[in-house]
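There are 2 protein chains.
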Amino acid sequence: MNRKDKIVIIGAGLCGSLLALRLAQRGFKVEVYESRPDLRTVDISAGRSINLALSDRGFKALRLCGVEEQAREICIPMYGRLMHDRAGNTFASNYSGRENEYINSISRGDLNALLLTEAEKHTNVTIHFNKKCKNVDLENNIAHFKDYKTKEEFKVNATVIFGADGAGSSLRKSYYLERKFLFSYSQNYLNHGYKELEIPADKSGNHQISNQHLHIWPRGDFMLIALPNLDGSFTVTLFLSYNEGEFNFANLTSEEKITAFFEKEFPDALAIIPNIKEEFLNNPTGALGTIKCSPWSYQNKTVLMGDAAHAIVPFYGQGMNASFEDVTVFDAVLNENLEDWEAVFKAYQKARKQDTDAIADLAIDNFHEMRDHVANPIFKEKRKIEMDLEKTFPTKYFSKYSLVTFNENIGYDNAMKKGRAQDKALLNLIAGNEVHTHLNMTKNELKVILQKVIIETNAILEEDKIAGL
Amino acid sequence: MNRKDKIVIIGAGLCGSLLALRLAQRGFKVEVYESRPDLRTVDISAGRSINLALSDRGFKALRLCGVEEQAREICIPMYGRLMHDRAGNTFASNYSGRENEYINSISRGDLNALLLTEAEKHTNVTIHFNKKCKNVDLENNIAHFKDYKTKEEFKVNATVIFGADGAGSSLRKSYYLERKFLFSYSQNYLNHGYKELEIPADKSGNHQISNQHLHIWPRGDFMLIALPNLDGSFTVTLFLSYNEGEFNFANLTSEEKITAFFEKEFPDALAIIPNIKEEFLNNPTGALGTIKCSPWSYQNKTVLMGDAAHAIVPFYGQGMNASFEDVTVFDAVLNENLEDWEAVFKAYQKARKQDTDAIADLAIDNFHEMRDHVANPIFKEKRKIEMDLEKTFPTKYFSKYSLVTFNENIGYDNAMKKGRAQDKALLNLIAGNEVHTHLNMTKNELKVILQKVIIETNAILEEDKIAGL
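Protein sequences, first through last, are from chains S and C. Take the first sequence: its position 212, counted from the start at 1, is 211 in numbering that gives the first Met the number 0, and no numbers get skipped. Take the second sequence: its position 346, counted from the start at 1, is 345 in numbering that gives the first Met the number 0, and no numbers get skipped.
Just so you know, these hints were derived from the structure itself, not from any lab. Fair warning: this is a prediction, and the values are worked out from it, not measured in the lab. Please note: incorrect hints may appear among the correct ones.
You can't tell identical chains apart in this list, so a pair holds if it fits in one copy or across any two.
With a Cα cut of at most 30 Å, we get these calculated BS3-like pairs of lysine-lysine [as the list claims (entries may be wrong)]: (1) K179 - K148; (2) K345 - K256; (3) K179 - K131; (4) K179 - K256; (5) K417 - K464; (6) K395 - K464; (7) K179 - K276; (8) K451 - K416; (9) K300 - K120; (10) K291 - K349; (11) K446 - K416; (12) K172 - K154; (13) K145 - K131; (14) K345 - K179; (15) K345 - K291.
Work out the full structure: start from the sequences and follow the hints.
Right, dumping it as structure tokens:
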């Protein structure tokens with residue numbers, strides 16, 4: 000491990016560009032190869048995930064790289080969910096009882112542009128666009144590329160290659176296909192896909208619905224969500240089964256059927272999505288997949304990072320945050336001054352893998368929770384109690400959502416285990432009539448509930464431990 | 000779906016040959032293609048899994064096909080585990096408190112030969128050996144083969160193709176590589192591999208250690224097991240990490256190291272494995288992988304069955320049983336007279352998938368239990384109580400092991416959920432000093448324990464349900 004090592008990063012997306020910035024700050028010489036054109040000069044969003052939720056784990060990594068404040072300038076805070084029913088009634092549900100805990104809508108393109116520009120300010124960083132990695136020769140550590148402009152193929156030899164090339168990673172594919180080692184790998188798709196639509200700004204350029212919320216239209220088998228953009232518009236995403244249920248992507252094939260579906264299920268949203276038919280028929284339907292694998296690295300040569308190592312579904316709003324947190328964790332491992340890259344890669348996976356596995360599972364849980372549980376009375380009661388507890392005992396109670404989203408110094412795995420036990424405790428206390436709520440709970444009443452939750456949570460964790468779970 | 004349909008089965012292993020037999024009995028015309036030579040004429044075991052555990056789910060399928068009694072004739076009953084410590088002391092632990100519940104050691108080759116011979120008795124079955132499937136053209140339903148003898152390549156068109164071609168299935172690989180649909184897929188390897196060794200018969204052809212037990216030498220990080228063969232020998236399997244811990248496959252590279260390892264850890268086994276050095280150095284090291292995937296079928300054309308759809312690790316002794324149970328479940332779906340093969344395939348997966356997922360997870364659990372928990376005092380106490388409960392209340396109490404292994408009319412998934420809750424209940428009752436045992440428990444004392452276990456188990460299941468688990 001040496002400042003003269005030639006480091007190649009495949010992918011200049013959110014993870015690759017932040018990683019390039021951080022490695023450059025640490026003095027490494029970095030070459031980045033990106034398959035797409037430079038998004039600062041060409042619009043390449045093509046109806047896909049154009050805004051994302053940025054929260055505390057993401058900010059921690061941005062802070063490490065000195066770009067937190069710049070990122071905050073392009074953020075729109077969202078303080079909670081705003082649920083829309085079929086009649087157009089709305090119900091707010093905050094993300095936390097603490098005022099400083101909120102998530103942020105941010106443009107993927109704007110944030111990526113910021114990171115690219117910051118990385119390129121370092122003379123030891125070069126970014127090559129339109130260069131698609133085809134595969135990596137693992138033994139010789141040579142990455143093979145195709146230049147999308149000149150159509151030429153070329154190869155690049157490196158000391159170390161980082162695969163930050165996203166869910167469809169070429170490096171990961173080479174791990175799978177070259178079979179040089181036992182490669183544990185999973186790709187799991189939901190039976191739902193997604194499609195993006197748009198609520199434009201009003202004539203004055205303002206948001207037509209609250210820009211302080213993440214909007215949700217939960218309907219059990221399917222769901223619509225909307226996140227605000229800086230220009231007054233919202234990016235709307237429909238999550239719908241490919242082929243199951245009364246309505247699905249396979250049968251919503253005509254303008255009439257699409258309109259009828261939205262009129263029945265989302266009339267208030269339909270009223271402000273003027274180009275519904277064109278967008279629905281022309282925008283691509285994206286798949287929702289979870290990818291896990293192990294090992295992430297091969298010898299002292301290559302390592303996977305970000306979605307390439309652990310792509311997740313979007314329902315916890317943590318995909319980008321988890322990828323950024325990879326950079327935080329990798330940077331901390333570099334601080335340990337281990338003997339070589341292989342030791343670094345192994346220490347990195349050891350420190351990181353259980354947490355990325357946990358957020359993958361949490362994101363799947365939230366898919367079910369957002370579609371179903373938000374309408375379940377016991378779950379609603381639980382959220383109310385949790386808001387009261389967080390407001391009244393801000394240093395003592397943290398819901399699972401808060402542990403995952405706003406507590407960047409607790410790993411995802413710990414957040415999951417603690418959070419799940421706490422959820423189970425609270426739901427069972429409510430179902431068993433052991434806690435009761437009313438509109439204006441006193442501090443003493445809440446203190447009794449807090450004690451019960453703590454005792455029950457610890458009992459659940461202890462019982463699981465004894466059972467070897 | 001028609002008796003004239005041309006049915007091709009890829010693979011004439013345990014699953015493929017039983018499936019061929021059953022489909023032939025139902026009047027279908029079946030062609031089977033197997034990559035290996037006919038094992039009735041050539042010894043092809045090559046130091047790999049030469050005996051297996053057959054139990055009630057397997058027998059149920061064999062019964063359906065009329066070959067149960069023939070299989071029983073080549074079985075050696077194993078009534079429990081016999082644990083060996085480093086000093087050579089042994090401790091027996093029965094599989095059940097009921098006398099009629101035991102598992103059976105059986106030769107993979109002998110059972111496969113039996114099934115091939117029975118299948119071939121049907122004129123509507125043809126089996127082709129030495130024909131390796133390279134891939135399947137999914138759209139045109141054409142399987143491509145290579146003849147290992149003539150080296151010629153040829154293709155076979157079929158109405159329906161069954162991929163019963165094991166953990167390395169070519170059909171499954173085509174699902175993965177052709178990307179015609181979203182294919183959820185996982186391959187997960189343990190960090191342990193396995194190697195087979197042999198305890199030969201004594202001079203009179205008898206077993207040198209008890210042939211009524213499955214022998215286990217549990218050592219935490221690694222483990223040796225032995226299953227008896229009809230010829231008086233035992234097949235011994237060492238499960239050991241590839242590269243972790245003091246001893247592993249990567250560092251046991253010389254005769255001295257191998258002998259020193261066995262002398263320290265397994266002295267009583269070493270004394271009766273005369274060819275330890277040759278076998279250890281020459282026999283292959285096998286990988287331990289779990290494979291899950293979905294969907295198992297494509298349109299009305301192809302379907303995966305057995306290990307090709309759900310390979311599992313061997314620690315619950317259920318791999319073969321699960322594959323045979325596939326045939327039972329598929330046969331029951333055929334009885335429903337659905338409209339076409341696509342409907343059959345979908346109904347089959349719907350009926351089967353959660354159960355094969357469950358046994359995969361149970362087998363991983365048992366890997367940990369066999370290495371670690373068998374020496375844990377609370378787990379030992381639990382086994383003692385369970386034996387007493389099963390003996391005293393044979394129609395009322397069934398341990399997880401019994402639910403999984405001896406209750407073929409309960410699906411693996413139900414067995415897992417009930418069994419896990421029961422284990423958790425019992426372990427926590429013991430740890431909390433809420434149940435006590437002594438050498439000669441009275442029926443009334445056991446009845447009190449049974450009641451507590453039932454109440455606690457139901458409470459655990461109810462609490463999980465409320466928490467949405």
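To see whether the hints hold, each was checked on the structure:
no.	hint	result
1	K179 - K148	between (33 Å within a copy, 29 Å between copies)
2	K345 - K256	between (52 Å within a copy, 27 Å between copies)
3	K179 - K131	both (23 Å within a copy, 23 Å between copies)
4	K179 - K256	between (50 Å within a copy, 26 Å between copies)
5	K417 - K464	both (13 Å within a copy, 18 Å between copies)
6	K395 - K464	both (23 Å within a copy, 28 Å between copies)
7	K179 - K276	between (49 Å within a copy, 27 Å between copies)
8	K451 - K416	both (18 Å within a copy, 27 Å between copies)
9	K300 - K120	within (27 Å within a copy, 56 Å between copies)
10	K291 - K349	both (14 Å within a copy, 25 Å between copies)
11	K446 - K416	within (23 Å within a copy, 35 Å between copies)
12	K172 - K154	both (17 Å within a copy, 29 Å between copies)
13	K145 - K131	within (5 Å within a copy, 35 Å between copies)
14	K345 - K179	within (17 Å within a copy, 36 Å between copies)
15	K345 - K291	both (16 Å within a copy, 27 Å between copies)
Of the numbered hints given earlier, the model fails none.
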